[in-house]
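Since the structure of chain A is provided, determine the placement of chain B on it from the hints.
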Amino acid sequence: MSYGILVTNASGFTQIDGTYDNISSFSSGTVARSYVTSSGSQVLNKVTFPSNTPTDYLLFAKPSAQTTLRQITVAVYSDGFAFFTPWQASDNFNIDYFIGVRSEDMPANNSPDHGLEVYKANGDQAYSSNNPNFKVSAVSFDDLSSTSTTPSAFTVSSMTGIYTLMSGKNYVGRSPQGWPSYSIIYSFFQEFDYTAKTITGKITPVTNAAPSQSGSFGGGFKTNLIGTLT
Amino acid sequence: MAYGLNVWDASGNVRLDTSDREFRYVAFYTGSVSASSSTNVSVSGLTNDGTWGLNETQGSNLFLELSIGTNQFTVTNTNSFNSGTYNVQVFRI
Numbered sequence: 001m002s003y004g005i006l007v008t009n010a011s012g013f014t015q016i017d018g019t020y021d022n023i024s025s026f027s028s029g030t031v032a033r034s035y036v037t038s039s040g041s042q043v044l045n046k047v048t049f050p051s052n053t054p055t056d057y058l059l060f061a062k063p064s065a066q067t068t069l070r071q072i073t074v075a076v077y078s079d080g081f082a083f084f085t086p087w088q089a090s091d092n093f094n095i096d097y098f099i100g101v102r103s104e105d106m107p108a109n110n111s112p113d114h115g116l117e118v119y120k121a122n123g124d125q126a127y128s129s130n131n132p133n134f135k136v137s138a139v140s141f142d143d144l145s146s147t148s149t150t151p152s153a154f155t156v157s158s159m160t161g162i163y164t165l166m167s168g169k170n171y172v173g174r175s176p177q178g179w180p181s182y183s184i185i186y187s188f189f190q191e192f193d194y195t196a197k198t199i200t201g202k203i204t205p206v207t208n209a210a211p212s213q214s215g216s217f218g219g220g221f222k223t224n225l226i227g228t229l230t
Numbered sequence: 231m232a233y234g235l236n237v238w239d240a241s242g243n244v245r246l247d248t249s250d251r252e253f254r255y256v257a258f259y260t261g262s263v264s265a266s267s268s269t270n271v272s273v274s275g276l277t278n279d280g281t282w283g284l285n286e287t288q289g290s291n292l293f294l295e296l297s298i299g300t301n302q303f304t305v306t307n308t309n310s311f312n313s314g315t316y317n318v319q320v321f322r323i
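Quick mapping for you: the protein sequence lines, in order, are chains A and B. Numbered by our numbering, the letters in the first sequence go through residues 1 to 230 in order. Numbered by our numbering, the letters in the second sequence go through residues 231 to 323 in order.
Hints were generated in silico from the structure; no laboratory data involved. Being a predicted model, the structure only gives us computed values, none of them experimental. Among the hints, erroneous ones may be present.
Only part of the chain B face toward chain A is listed, based on derived beta-carbon distances under 8 Å [unchecked claim]:
hint	residue
1	242
2	244
3	252
4	261
Glycine is no exception: its CB is placed at the ideal position from the N, C-alpha and C atoms.
Extracted from the complex, chain A is given alone in its bound form:
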């Protein structure tokens, strides 16, 4: 960096550098879970993208009620997204979400208070303390190779306000089990266990599909993040 500002945390990780964009909450809300019944019927509760949502958005989510054990995955459509529970899991609950975008894609703030704004060399905003920014609590990486892969788990001291990054690989495999009636689609779920205070990746059936005599799997590198919006 030839000029500008570089902020590192006490452990040496860069927080702000005016080169890369910090992440802010563009839109947030609460939506009921979606799921697929045993007969293949879909109960869909879709969130429509707000106008001006950039194409490189990120989705973060957590169960609204921080009790019991919940598994969610995300399905993205051309006009929105929905959070699904595992196949045939009809237990109803709500999910809090927010759409994360680069600081430069945040709506103009015409009445900023005080604090810090950092701009990149091209004049686009990289950071603003007027926006809630995503603070990372923990990160892990998986290499998804089959439905028997054991993804990473996070254990935290407090689950309060913890969101997980939902963007990334969701459909990861199709199994021929169910032939000749159907096949099963596996998805990457995030499991929130509010008793054990863990958030764990799970590869779990999300829906049935047309029958297939052969299976397939597509995954590879995946980044898992948990954190809070501050």
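Chain B in isolation, oriented as in the chain A frame:
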């Protein structure tokens, strides 16, 4: 506090603390991979050191595999019949 930067909002809420680890967006890459092929995408500085993250967000395509390398990532399409479109987000943590 040893050193670093604290930022508050007008209500006195801490927006940035010296212990925070921030999520920063590097770039978004999109493209196409032919059937049974791989493509390498250059990303300056990328390395698998725990401070770089990437995800393929074309989540409904079962046949795309993502791998991280040095100064590049690779997308492999295992589908023998159809090309695939990838959307890869790269970020620092």
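Results of checking the hints against the structure:
no.: 1; hint: 242; result: 11 Å, violated
no.: 2; hint: 244; result: 7 Å, holds
no.: 3; hint: 252; result: 4 Å, holds
no.: 4; hint: 261; result: 14 Å, violated
Violated hints, in rising order: 1, 4; the structure is consistent with all others.
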